[in-house]
Amino acid sequence: TNPSFARQKHLDMQSMWKAPALPQNPVELFIGILSAGNHFAERMAVRKSWMQQKLVKSSKVVARFFVALHARTEVNVDLKKEADYFGDIVIVPYMDHYDLVVLKTVAICEYGVSTVA
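With my numbering applied, the sequence shown covers 252 to 368.
Rather than coming from a laboratory, the hints here were simulated on the basis of the structure. Heads up, some of the hints might be wrong.
DSSO-like cross-link-like pairs, simulated, lysine-lysine; straight-line CA separation at most 27 Å [unchecked claim]: (1) Lys331 <-> Lys269; (2) Lys269 <-> Lys305; (3) Lys355 <-> Lys299; (4) Lys299 <-> Lys331; (5) Lys308 <-> Lys331.
From a predicted model like this one, the values you see are computed outputs, not experimental measurements.
Put together the whole structure using the sequences plus the hints.
Below, the structure written as C-alpha cells:
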C-alpha cells in the first residue's frame, strides 16, 4: 500500500499550513488542483512547497484541492477532517474514478466561476 494513504503519518496539523479565507477583493489567479481522497502526503507536500510562495499566499491567488469521495469510509472521514482543518479542499459529491476526472475538472471551473469570481 502507498505510504501516502496513512493520514496520521503525513498531515502536519499546524495552523501555518492552513489556507486563508476567500478574499473579498477580486482574485487574479485561481488554481484548482486535482487530488485523490487518500493522497494525504501529496497534498501536504503541496501545502509546504509552492503554496508557501508569497504570491500564492497573497489575497490575489486562491488554490484549492478538488477531491471526490473514496470507496473506503475511513478515508472519507479523514478527508473531511483534513478539509475542515486546512480549509483548502473542495469535496465533490461522487465516488472517485479515473473515468470521472472530467467531472472534477468541471467542478473546478464551476467553483472558479461561482465561488471565487
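Hints versus structure:
no.	hint	in the structure
1	Lys331 <-> Lys269	holds, 14 Å
2	Lys269 <-> Lys305	holds, 14 Å
3	Lys355 <-> Lys299	holds, 23 Å
4	Lys299 <-> Lys331	holds, 20 Å
5	Lys308 <-> Lys331	holds, 23 Å
The structure fails none of the hints (numbered hints given earlier).
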